[in-house]
Amino acid sequence: MTLLETERVAVSALRRGALPRRRGPGLAGYLFVAGYAVLLLAFGVFPTGYSFYLALTNDQGRFTGLNQFVKVAQDYRFVPAFTHMLVYLVMWLVVLVVLVVLVAVVLRSRVRPGTSALFRFLYYIPGALAGVASVLVWLFMLDPDVSPVSWLLNSMGMHSFAAVLAPGNLPLILMLIAFWTGAGGWMVVMYGALNNIPDEVLEAARMDGAGPWRTAWHIQIPMIRQWIVYMTIMAFATGTQLFVEPQLLQTASLGRVSPTWSPNQLAYVYAFQQGDFNGSAAISVFLLALGLIAAGLLVARSNLFTLDEK
Amino acid sequence: MRSSGSPRADRRRTAIRTAAAALSLATAAVLAGCASADTSTDSSSSSGTEFKPAAQKDGSKITVWADSTRLPSVQAYQKSHPDVPMEIVTYDGGADGSTYLQTKVQLFDRTGSGWPDVVFGSPTDMTWASEPTKPGAQPFAAPLDDKLVPKSTLDGFAKGSLAPCQFNGHTYCVRNDIAQVVLWYNKSLMDKWGYEVPATWEQYEALGKRIAKEHPGYLVGSVGDTNSHESYFWSGQCPAFELVKPDTLRSDLKDEKCVRMATLLDGLISAKAVTTKGFFSQGFAKDSGGKVAMAYGPSWYGQYLFKSAFKTPAKQIAVAPPLTWEGETTAATGNVGGGVWMVSSHSANLKASTDLATWLTTSDENQASAPTYPAYTKAARAWLANPVNSDYFANDVSEPFQKAADQVWTGWSNTRFSDATAWSSVVLPALTSGKSLVATLPAWQEEISNQAKAEGYQVTGE
Numbered sequence: 005m006t007l008l009e010t011e012r013v014a015v016s017a018l019r020r021g022a023l024p025r026r027r028g029p030g031l032a033g034y035l036f037v038a039g040y041a042v043l044l045l046a047f048g049v050f051p052t053g054y055s056f057y058l059a060l061t062n063d064q065g066r067f068t069g070l071n072q073f074v075k076v077a078q079d080y081r082f083v084p085a086f087t088h089m090l091v092y093l094v095m096w097l098v099v100l101v102v103l104v105v106l107v108a109v110v111l112r113s114r115v116r117p118g119t120s121a122l123f124r125f126l127y128y129i130p131g132a133l134a135g136v137a138s139v140l141v142w143l144f145m146l147d148p149d150v151s152p153v154s155w156l157l158n159s160m161g162m163h164s165f166a167a168v169l170a171p172g173n174l175p176l177i178l179m180l181i182a183f184w185t186g187a188g189g190w191m192v193v194m195y196g197a198l199n200n201i202p203d204e205v206l207e208a209a210r211m212d213g214a215g216p217w218r219t220a221w222h223i224q225i226p227m228i229r230q231w232i233v234y235m236t237i238m239a240f241a242t243g244t245q246l247f248v249e250p251q252l253l254q255t256a257s258l259g260r261v262s263p264t265w266s267p268n269q270l271a272y273v274y275a276f277q278q279g280d281f282n283g284s285a286a287i288s289v290f291l292l293a294l295g296l297i298a299a300g301l302l303v304a305r306s307n308l309f310t311l312d313e314k
Numbered sequence: 233m234r235s236s237g238s239p240r241a242d243r244r245r246t247a248i249r250t251a252a253a254a255l256s257l258a259t260a261a262v263l264a265g266c267a268s269a270d271t272s273t274d275s276s277s278s279s280g281t282e283f284k285p286a287a288q289k290d291g292s293k294i295t296v297w298a299d300s301t302r303l304p305s306v307q308a309y310q311k312s313h314p315d316v317p318m319e320i321v322t323y324d325g326g327a328d329g330s331t332y333l334q335t336k337v338q339l340f341d342r343t344g345s346g347w348p349d350v351v352f353g354s355p356t357d358m359t360w361a362s363e364p365t366k367p368g369a370q371p372f373a374a375p376l377d378d379k380l381v382p383k384s385t386l387d388g389f390a391k392g393s394l395a396p397c398q399f400n401g402h403t404y405c406v407r408n409d410i411a412q413v414v415l416w417y418n419k420s421l422m423d424k425w426g427y428e429v430p431a432t433w434e435q436y437e438a439l440g441k442r443i444a445k446e447h448p449g450y451l452v453g454s455v456g457d458t459n460s461h462e463s464y465f466w467s468g469q470c471p472a473f474e475l476v477k478p479d480t481l482r483s484d485l486k487d488e489k490c491v492r493m494a495t496l497l498d499g500l501i502s503a504k505a506v507t508t509k510g511f512f513s514q515g516f517a518k519d520s521g522g523k524v525a526m527a528y529g530p531s532w533y534g535q536y537l538f539k540s541a542f543k544t545p546a547k548q549i550a551v552a553p554p555l556t557w558e559g560e561t562t563a564a565t566g567n568v569g570g571g572v573w574m575v576s577s578h579s580a581n582l583k584a585s586t587d588l589a590t591w592l593t594t595s596d597e598n599q600a601s602a603p604t605y606p607a608y609t610k611a612a613r614a615w616l617a618n619p620v621n622s623d624y625f626a627n628d629v630s631e632p633f634q635k636a637a638d639q640v641w642t643g644w645s646n647t648r649f650s651d652a653t654a655w656s657s658v659v660l661p662a663l664t665s666g667k668s669l670v671a672t673l674p675a676w677q678e679e680i681s682n683q684a685k686a687e688g689y690q691v692t693g694e
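So the sequences go chain by chain: B and C. The first sequence maps to residues 5 to 314 in my numbering. The second sequence maps to residues 233 to 694 in my numbering.
Mixed in with the good hints there might be a few duds.
As the list claims (entries may be wrong) - Heads up, incomplete: computed chain C residues facing chain B, CB under 7 Å, no partners named:
| hint | residue |
| --- | --- |
| 1 | A267 |
| 2 | T331 |
| 3 | T335 |
| 4 | T664 |
Claimed, not checked - Heads up, simulated BS3-like pairs for lysine-lysine below, C-alpha to C-alpha not over 27 Å straight-line:
| hint | chain 1 | residue 1 | chain 2 | residue 2 |
| --- | --- | --- | --- | --- |
| 5 | C | K336 | B | K75 |
| 6 | B | K75 | C | K366 |
| 7 | C | K504 | C | K667 |
| 8 | C | K336 | C | K419 |
| 9 | C | K685 | B | K75 |
| 10 | C | K477 | B | K75 |
The hints are simulated quantities; they were obtained by calculation from the structure and are not laboratory data. Note that beta-carbon positions come from the ideal geometry of N, C-alpha and C, so glycine has one too.
Please build the complete structure, drawing on both the sequences and the hints.
Written out as structure tokens, the structure is:
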């Protein structure tokens with residue numbers, strides 16, 4: 005109840021006008037945000053609005069209500085594409101959260117600072133590669149004919165690139181690629197978040213007899229919870245936009261991967277092969293809704309945007 | 233903190249309930265009586281619209297898109313016609329079911345500019361290029377029979393080779409090359425082992441099993457490439473992609489002709505005489521390129537598979553006419569690719585564009601030394617007479633090539649979707665995981681029919 009009470013107090017204080025008025029922000033503030041705001045409107049808000057317009061009309065510009073959504077949801081590729089994406093997302097988010105937090109905690113409290121810095125740098129390197137380049141690296145890694153770890157692939161019974169790319173393996177492969185490129189950066193961020201925890205708190209825990217794992221579980225992780233939620237939201241958003249990786253695998257495997265493996269690819273096929281930009285927009289609105297719902301739930305459950313009362 | 237009785241939570245719940253009610257009301261209202269979400273492109277017939285050329289400007293620059301294989305031909309034209317201003321762009325040419333050209337034209341149609349003038353494409357491209365991509369748009373390909381290319385020229389192409397270009401009574405492209413399927417064999421190996429070259433599918437099957445037994449590791453074919461189904465199932469006259477009407481597709485993989493081909497291949501696959509790895513897959517040439525005793529595939533296998541990829545020495549590889557089934561007299565064969573040239577209906581210099589497309593496809597000057605078998609009959613004779621095209625082989629390829637060129641089965645149509653997608657994304661992974669072809673036929677059929685329905689076809693034969 006503490007939270008509710010502070011809020012009520014704050015509201016009544018505002019009503020009474022008891023708080024000293026802050027000085028007006030002035031023109032400079034608006035100028036500083038203007039550049040970003042204009043770009044956001046032009047390349048973020050306007051396209052979103054346009055896709056809503058497209059999703060609610062047909063190719064002659066007539067209003068169709070929700071028919072576009074119904075149409076794409078009944079497409080035979082719709083359910084498989086979203087299933088693929090969700091399986092991939094669950095695997096990726098679980099692995100990302102568990103491993104990133106674990107590694108950050110270990111690097112922060114169980115490793116000497118010099119070694120820790122070296123490891124953080126090493127983990128970060130793959131993240132410096134652009135998305136396409138990292139997929140190309142993995143194409144080599146996964147092809148038993150050229151892979152440096154072909155013995156490992158062979159020992160798992162996969163003797164050809166085609167066998168590696170069996171449909172059941174794809175979520176795992178894409179998860180590996182995403183983790184390899186994305187996790188390093190988040191480890192650095194989590195490490196920074198752990199650094200923010202005052203030493204006195206950790207010392208107090210130690211004096212109360214908490215071992216390193218107890219400290220991690222009961223002190224450190226709860227104190228960086230908002231960072232973990234933030235990471236999850238960002239990872240969820242990038243995960244739903246999965247496109248480059250399956251698309252490149254599709255080309256490199258000479259078509260052995262479905263060209264509509266992920267919803268984004270399906271939207272692409274709709275727009276550029278079937279010439280149906282309206283259906284394509286409807287799929288992207290589905291993705292937007294999914295991302296917003298997930299982000300909304302996480303934000304609401306974690307008080308991410310609640311400022312600390314100091 | 234989360235006490236359920238707090239007034240705030242109550243208020244929020246009421247708000248949510250109200251919103252949900254409003255939303256469902258709005259949904260019901262919105263769903264009732266709205267325009268259809270279907271695209272109007274496929275229903276509106278393009279036959280009624282007449283071809284209106286863009287404003288012509290003599291001597292204006294023409295942009296040419298070609299694949300890397302045909303690039304030298306276009307460059308040769310530029311060299312011999314220095315007065316024609318040209319810009320040459322290389323792109324994938326629609327190989328392996330790529331839809332790059334279609335993607336770009338969709339965008340050009342939306343922006344209203346940017347179209348290339350002359351384009352090399354695949355026969356599949358013609359299914360969309362002959363239709364408007366959206367209401368009010370002009371089909372990308374110009375009808376060449378409409379005062380652009382004389383009828384006498386169009387009549388000179390090999391029998392049926394212009395079929396993929398023909399829609400609504402017009403011819404929208406000229407065929408560059410045909411890729412008639414023939415039987416390839418390594419003559420040196422066959423002579424050494426004392427085997428007779430098969431003439432029927434039954435003999436092919438028997439010999440395949442014998443080779444696998446007597447010379448383990450040697451292969452008589454592959455089903456693992458994106459186009460292997462065109463070599464085997466098209467040749468086998470399997471009705472997988474048969475357009476009975478412009479918008480009605482017959483796809484019946486339960487047909488006896490499909491099952492008999494699948495059974496034959498299953499037998500050869502389990503005997504390890506036919507591989508499920510693609511001839512063109514990574515590492516195949518290095519590992520097994522020298523172990524291919526026979527292959528069933530298109531006329532370009534000679535130059536591109538045996539000579540360039542496998543690096544088989546000259547005078548070893550020979551060609552035999554397409555196989556027949558015992559008891560059947562009419563031979564039929566497949567076709568794997570074979571490009572077309574189309575001229576953009578938006579071109580501001582139709583004269584130069586048409587001249588280029590005609591020169592590329594019909595002139596002996598270009599075709600005699602072309603990399604693939606010309607579709608224009610007269611040019612094909614010049615091509616066969618050119619020693620460069622026949623020196624590599626161990627026998628005379630003219631007869632089997634010419635025979636096969638007229639035997640391409642016409643029951644396998646080009647559709648608005650590539651026939652390679654279902655084969656490579658559904659059948660090939662199943663074969664790799666060890667399933668048999670016969671057991672995969674239903675899944676293949678389902679994917680074809682789903683794809684066809686998504687593209688607006690009616691599907692029969694299921």
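Legend entry - Pair hint C:K504 and C:K667, alpha-carbon separation not exceeding 27 Å: 14 Å, holds
Inset, instruction - Given the hint that C:K336 pairs with B:K75, test it: the Cα-Cα distance must not exceed 27 Å. - result: Judged against 27 Å, a Cα distance of about 25 Å means the pair holds.
Inset, instruction - Verify the proposed pairing of C:K685 with B:K75, using a straight-line Cα cut of 27 Å. - result: 13 Å, holds
Inset, instruction - Would you check the hint for B:K75 and C:K366, treating anything up to 27 Å between C-alpha atoms as holding? - result: 18 Å, holds
Legend entry - Supplied contact hint for C:T664, tested at 7 Å Cβ to chain B: 5 Å, holds
Inset, instruction - Hold the hint about C:T335 up to the distance rule: shortest CB distance to chain B must be less than 7 Å. - result: Holds, about 4 Å.
Legend entry - Closest C-beta approach of C:A267 to chain B relative to 7 Å, hint status: 4 Å, holds
Inset, instruction - Could you check if C:T331 really has its C-beta closer than 7 Å to a C-beta on chain B? - result: Check passed: Cβ of C:T331 comes within 5 Å of chain B, closer than 7 Å.
Inset, instruction - Measure nothing beyond the straight line between the CA atoms of C:K477 and B:K75; if it is 27 Å or shorter, mark the hint as holding. - result: Between C:K477 and B:K75 the Cα gap is close to 25 Å, so the pair holds against 27 Å.
Inset, instruction - Would you mind confirming whether the straight-line C-alpha gap from C:K336 to C:K419 stays at or under 27 Å? - result: 45 Å, violated
Against the hints set out earlier in the document, a violation occurs for number 8 only.
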